[in-house]
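Colleague: Going line by line, the protein sequences match chains A and B.
Under this note's numbering, think of the first position of the first sequence as 1, with each following residue one higher.
Under this note's numbering, think of the first position of the second sequence as 1, with each following residue one higher.
Incorrect hints may appear among the rest.
Keeping only pairs whose Cα atoms sit at most 30 Å apart, straight-line, the calculated BS3-like set for lysine-lysine is [as the list claims (entries may be wrong)]:
1) B/Lys46 - A/Lys66
2) B/Lys128 - B/Lys45
3) B/Lys188 - B/Lys66
4) A/Lys188 - A/Lys128
5) A/Lys46 - B/Lys66
6) B/Lys46 - B/Lys128
7) A/Lys66 - B/Lys246
Here are the in silico distance ranges between beta carbons for each label pair [claimed, not checked]:
8) B/Pro228 - A/Asn226: 37 to 47 Å
9) A/Ser136 - B/Arg163: 22 to 32 Å
10) B/Arg169 - A/Ser9: 50 to 60 Å
These stretches of chain A come out as covered by chain B in the derived footprint (C-beta under 8 Å, 3 or more residues) [said to hold, decoys possible]:
11) 7-20
12) 91-98
13) 251-260
14) 264-278
Keep in mind that the hints were calculated from the coordinates and are not lab data.
Glycine included, C-beta positions come from ideal geometry on N, C-alpha and C.
Single-letter residue listing:
Number of protein chains: 2
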Amino acid sequence: MTAHLEIRSTHRCFSGTQSFYQHTSEIIGLPMRFSVYQPPQAQEKKVPVLFFLAGLTCTEETFMIKAGAQRVASQLGMMLVSMDTSPRQTGIDGEADDWEIGAGAGFYLDATETPWSSYFRMESYVTKELYQLILSQFPADQERIGIFGHSMGGHGALTLALRNPGLYRSVSAFAPIAAPLHCPWGQKAFHHFLGNLPQSWREHDATALIEAGYQLPALLVDQGLNDPFLNEQLHLDRFEAACQLKGQPLNLRRHEGYDHGYYFISTFIADHLHHHYNQLA
Amino acid sequence: MTAHLEIRSTHRCFSGTQSFYQHTSEIIGLPMRFSVYQPPQAQEKKVPVLFFLAGLTCTEETFMIKAGAQRVASQLGMMLVSMDTSPRQTGIDGEADDWEIGAGAGFYLDATETPWSSYFRMESYVTKELYQLILSQFPADQERIGIFGHSMGGHGALTLALRNPGLYRSVSAFAPIAAPLHCPWGQKAFHHFLGNLPQSWREHDATALIEAGYQLPALLVDQGLNDPFLNEQLHLDRFEAACQLKGQPLNLRRHEGYDHGYYFISTFIADHLHHHYNQLA
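The shape of chain A in the complex, shown without the other chains (with noise of 0.2 Å):
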């Protein structure tokens, strides 16, 4: 793969470098942006890889400039990176006039529905395009490379890992969306973009993806009580008792006063890098 990348932006950070890019995605036809934080130790050997999948109304700079993550990656020598979370100007009627849906909401899944499948497919993007992007361009280290995310990302990372296995050695969430068939997100997603077929829905759903039978490395996930969006729209507690049902390993923290957004996400994103350093040492 040679795809031209364009740099925005470079700025060195703890030793390290912060960059942002757009390239010409093939999966989804449009312009497509990512971050990438090399640390200094990618000058001399290939590294971890860590991709981290943003929330609802985020882009690619939401996590490099908000969760301090540069700090630990500098540390530990992790290369982090993140995307958009949708394709943007994509012609669509209505694109961006919902939070909730088509731009800055691609819900990492690949639409089946129209007018969304001719340009949603950030699981292809990510799984596929982005991910052997960054191990042919950049320090990447192919046999450990991990992914975590933060609420509809925490949702992608669950889902990504469940659905692609082998291709992410080490998992993590903060407050994701656990199980998207019972909330109101996740329903209204899942009509939009893949219509009304249950089976389809189940497929996308991290909780009924445990329950079917798929499994994950040791999970860590980082839940705020204090955190709005809980009790409606996480539905953590069904994802927790799936892991039970399954034995699948999961440490779930739950945090008084912490709530849904970046200072929550700063306080732990220390423990997460180190757990994922753990996973793919």
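Following the hints, complete the assembly by docking chain B onto the known chain A.
Modeller: For chain B alone, coordinates are given in the frame of chain A:
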């Protein structure tokens, strides 16, 4: 002082509390916004306070979102305070038309020229009203108060500490506008806010104040050598020479490859908090 504080939002962060406030400023005569990070130690005792002054175009949110300072403030038990960079919605014609002057560009001084003098009194706001408000309404140790800032806010930190001896017991800066008399940003701001009075300009120029015999606590300044504003706008060399001439203790660290933004600041923020912690011990 019993000013009414509206809490705009509050978030648990590193076992402390990150909050955003609005109040009606008596000195400015308009609503002003500021942000406070209270470390967990503040639940039990008064803690040292660090005021952070942000740069052009920033708000009270910028530092709290981007610098990654709360982690270290939580460890050391220090309160962080930041504030908007100017009054907003003053009704002054063209107030927000130029990012170098007016809204987002208050330069931490009290304007004497119309129309700005009606509202732009950031020096009095920061050194008197907000200072007293923090002391009276938060668990702040009045014997341990420091100030730091970035770019325009680095200028602010240096000049407010120089012009108000004893008010701040520790001072540092990231990439400050260190000799505004000699740069386009400073000349433009001084012309609009202070008129064409050379003596008045010198009273708001950190280098000129040092040359005039004003002193600061032992100073830490970090500067990226890939900062696009270094040569034209910042003039650290002039400031360094004045400090050497006058025996002002200055630890000026020049960092290869780093630029002017928060990826640079976040890399060295821990060093600044430790500098203040030690100075305030």
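Colleague: Next step is simple, just say for each hint if it's right about the structure.
Modeller: Against the structure, the hints come out as follows:
1. B/Lys46 - A/Lys66: OK: lysine 46 of chain B and lysine 66 of chain A at ~28 Å, within 30 Å.
2. B/Lys128 - B/Lys45: holds, 23 Å
3. B/Lys188 - B/Lys66: With Cα atoms ~28 Å apart, lysine 188 of chain B and lysine 66 of chain B stay inside 30 Å; holds.
4. A/Lys188 - A/Lys128: Answer holds: lysine 188 of chain A to lysine 128 of chain A is near 26 Å, not above 30 Å.
5. A/Lys46 - B/Lys66: holds, 28 Å
6. B/Lys46 - B/Lys128: Distance ~20 Å between lysine 46 of chain B and lysine 128 of chain B Cα, so the pair holds.
7. A/Lys66 - B/Lys246: With Cα atoms ~40 Å apart, lysine 66 of chain A and lysine 246 of chain B exceed 30 Å; violated.
8. B/Pro228 - A/Asn226: 37 to 47 Å: Check passed, 41 Å falls within 37 to 47 Å.
9. A/Ser136 - B/Arg163: 22 to 32 Å: violated, 57 Å
10. B/Arg169 - A/Ser9: 50 to 60 Å: violated, 38 Å
11. 7-20: holds (count 6)
12. 91-98: violated (count 0)
13. 251-260: Since 4 is at least three, the answer is holds.
14. 264-278: Per the Cβ count (3), the hint holds.
Going down the numbered hints, you'll see the structure goes against 7, 9, 10 and 12, while the others check out.
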